[in-house]
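Trainee: Here's the letter readout for the chains.
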Amino acid sequence: MPEVLLDIVDLSVNYGPVTALRGVSLQVAQGEAVFLAGPNGAGKTTLLRAISGLERVAGGSVRFAGATLHGRPSWDIAASGIAHVPQGRRCFGPLTVDENLRLGGYTRGSGVAEAIDAAYDLFPALKAKRRQRAEELSGGQQQMVAIARALVANPRLILLDEPSLGLAPILVEDVRVALHRILHEFSTSILLVEQNARLALSTGGRGYVLRSGRVVLEGPSTELEGRMKEAYLGG
Amino acid sequence: MRYGKSLVVLAVVTVLMLLLPAVGPSNRVLSLATLAAIYAIVTYGIALLFGTGGLLSIAHGGLWGIGAYTAALFAVRAGWSFLPVLVLSVVITAGAATLVALMSLRVRGHYFTIITFAVAEGIRALINAWTPVTAGTEGIVVVAPVRVFGFDIRSNADWYYIVVVSLAVVIALTRLVVVSRFGRRFAATRDNLDLAASVGIGVSRLRLLAFSLSGALAGLGGAYWAYSQTFVHGDQFGAAASIVFILCMLLGGARYTYGPLIGAVIVVFMPPLLALPPLLATAALGVVFILVILLTPGGLASLPERLGQLWRRWRGPDPRPPGAGAAGDGAAAAVPTGVAS
Amino acid sequence: MSIFLQQVFNTLSSASVYALLAVGVTLVFGLTRIVNFAHGDLLTVGSYVLFLVAPAGAIWFLAGFAAAMVAVAVLAVVLERLLFRRTLVAPIRGFLVSLGLIQIIESGLSYFFTAGPRTVHPFIDRVWTVGGVDMPADRVVVIVGTAAVFLALTFYLERTKAGLMIRAVAIDAETAGLMGGPVTRTIAGVFALGGMLAGAGGAFGALLAPVTPFLGYALILKGFAVALIGGLGNVRGAMLGAVVLAALETVVITFGLSTWVSFFGFTLMIVLLIVRPRGLLRGVEAEI
Ligand SMILES: Nc1ncnc2c1ncn2[C@@H]1O[C@H](COP(=O)(O)OP(=O)(O)OP(=O)(O)O)[C@@H](O)[C@H]1O
Ligand SMILES: [Mg+2]
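The listed protein sequences derive, respectively, from chains A, B and C. 1 is the number of the first residue of the first sequence in the working numbering; add one for each residue after it. 236 is the number of the first residue of the second sequence in the working numbering; add one for each residue after it. 577 is the number of the first residue of the third sequence in the working numbering; add one for each residue after it.
Don't read these hints as lab results, they were simulated from the structure. Keep in mind that this is a model prediction, so the values were computed, not measured. Quick reminder that beta carbons are idealized off the backbone N, C-alpha and C, glycines included. Keep in mind that the hints are not guaranteed to be accurate.
[Stated by the list, open to error] Some chain C residues judged to face chain A by a derived CB distance under 8 Å, without partners named: (1) Leu733; (2) Lys737; (3) Leu740; (4) Met741; (5) Arg743; (6) Glu750; (7) Thr751; (8) Gly753; (9) Leu754; (10) Gly757; (11) Pro758.
[Said to hold, decoys possible] If you only want the chain C side, here are some residues facing chain B, beta carbon under 7 Å, derived: (12) Arg662; (13) Trp836; (14) Ser838.
[What the hints assert, rightly or not] Calculated Cβ distances over 10 Å to all of chain C for the following chain A residues: (15) Val4; (16) Val9; (17) Ala128; (18) Gly166; (19) Ile170; (20) Phe186; (21) Ser221; (22) Thr222.
Isolated chain A (complex conformation) (with noise of 0.2 Å):
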């Protein structure tokens, strides 16, 4: 078993009375892929916004790389190896991709430039576009570059959340290839919030289901495949 990188133990968060996450325990290993599916509301997104800092965790525990994460500001989980590429892509929309980009090294001191130039690579459709601003591209490109942002800080971990949302099937496609070579090329582990049943199984990784705040199922993506549908029915 190789080593464990992110090992989140029985966390809770709350919003105001309401309870997002209870009790959710998730493991991510050196250079795995992990995927986390269910329907929604089911506290995907909480989970990931919680392991970076957003959102302030009420009970249990995150650790990463051996370090206590929860209770810090985002900027220094950000500092200590773990990229998110938001739901909804958040990208600067006024500044250019190439400044997004930059803003995805900020806390690198040196080889922003060379990351940069490898993310273009990965994305070459972006290249063309560096001097524009973001909101002047497609949703999709959109998404490259918040793939890409996330990518120029060499992370060790990078949290992807619904990458996959909205996007034409060829662009799905696209971002498939992608990580499968963020997963291999860059040597980065993933945990990935995907709806798109396809695109998380391929992975290839484990498999976390939640509903309602609870970890419902877990196992290797080829034992899930055919029990997810029921564990998103309920049962």
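We have chain A already, so just place chains B and C with the ligands on it with the hints.
Mentor: Same frame as chain A, but now just chains B and C with the ligands:
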């Protein structure tokens, strides 16, 4: 009778206030008390907008200047008698407030508050610049004989009685407005404008009406100010005056029946009690203002309720595991979320 | 022609102070959504620091100018730490806090320095005349100095990593944090930046006209009007807005209506707010 108890409380408070001259206070205390009551009248108007409708108006520091100048001009220059002047001040200020509302309610949030700030300062600038009518920065001395229902109003105590009785009426009136159907609909616009509009509440009309009502109170307070201070000039009005009223409101608590009154009494009596030089008194007022905003957003009148809550929480079991996540109450959560692209 | 040029020259010198004030207002608003009305008083504090450090002499002016920038930047950061940081969740409270600060700073200044007007004239002996335009050295220093300050600021915001992060936090603070941007420190940094600009504005303002402790109150509305003209949150817009307001004032004064200047100023501001709440150029959305 549903409001019986509140009425009894108000009657007791009013009688207590009316007894003040009988205990033989100095002239100075009596005129300060009159001042506090005048401040309270204007503050109830501001609190109606803020406490119920969530609208923070800075215009009232200018609006009450309109009331004061209307009174000064018609009492001194035109020689009108007291009651007609009072009514005119109220009507004109309410009209001006309605105009302000028509302009400012087209925008939301911050912009609304900033427009009302500009209105307050614009009124001050107008008073100072329009010399043929307002005598500019020289001001107007208000000396006019006042008779009310056959009584001559001369002494400090006379003015105190008149203002306090008006204040009692104002308190009763604003409470009635708040609990009325109008008040409840107005409160619905506070929490969610779009929702209120979508269930068929005529948001603009409600807000216009609330604004003119609260302007009427500013006009009343302004007229009393002109008569009781016997001197008006432009720099008594404007945003600086609004700050004082907002301080009264926030200090006491905008959503409580006696909040504005408590606030006004403290704001008026604190500086002389501290016996500070005027400049330092102003600075102290600023310090108190900031502390109130940061520490007791509900105002002093909310303290009993809040202490009660704290007490129950301390006694009862803590609903959340102790200490968990407390360290995360930092920066990230406190930062406003920007515009998502 | 030379009368027109003279007007342009005068306009530019008062526009300089407005711009130094308004750019600070707009920067702080862009990152925090706080309308800081005490920003005008920061400028006044800058003037008084200059009076303390540099009562006379051109060389001393430089020292006083630097001291004003540093002192006001420090003051701004202290205020952010103690007060404004606590109001980030509800920016309207930050605005209210700034109203309280106005009272404290203005009465404090008049308590310690008396309420009377003060001036300095380190460059009084020189007036250059170029093409029929009289250019007092004071005003030349203000215009050239402001231009230099804004060149440096533009370079900082557009060409440095920290400047890029400031723009990112203004657009989306949460995502900026995900990039590793220290959001809290960036906000404090922007308060410092705004304070430096206000300090410079205070030092320059003292060269143009007498300063009283209550100047900030009168100035902030203009600074704010300027920021609004340019669109709140828009730095270049604020620079442009300063020229627009100064030109307008010059025109009103030329028509002999100087007592009405402030009334027209407020009317303009109200009209602008209603007609173009996002400014003539593009600003950020402001809602509580
Ligand atoms: N800011 C918030 N305030 C209050 N409740 C929230 C907030 N964000 C999410 N929730 C609630 O928390 C629960 C989990 O939401 P979350 O966004 O994590 O779900 P999700 O699994 O990502 O759903 P989706 O597939 O729709 O993105 C939902 O019930 C949601 O309504
Ligand atoms: Mg989600």
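Trainee: Provide an ascending list of the numbers of those earlier hints which the structure does not satisfy.
Mentor: Checked against the structure, the only hint that fails is number 1, while the rest are satisfied.
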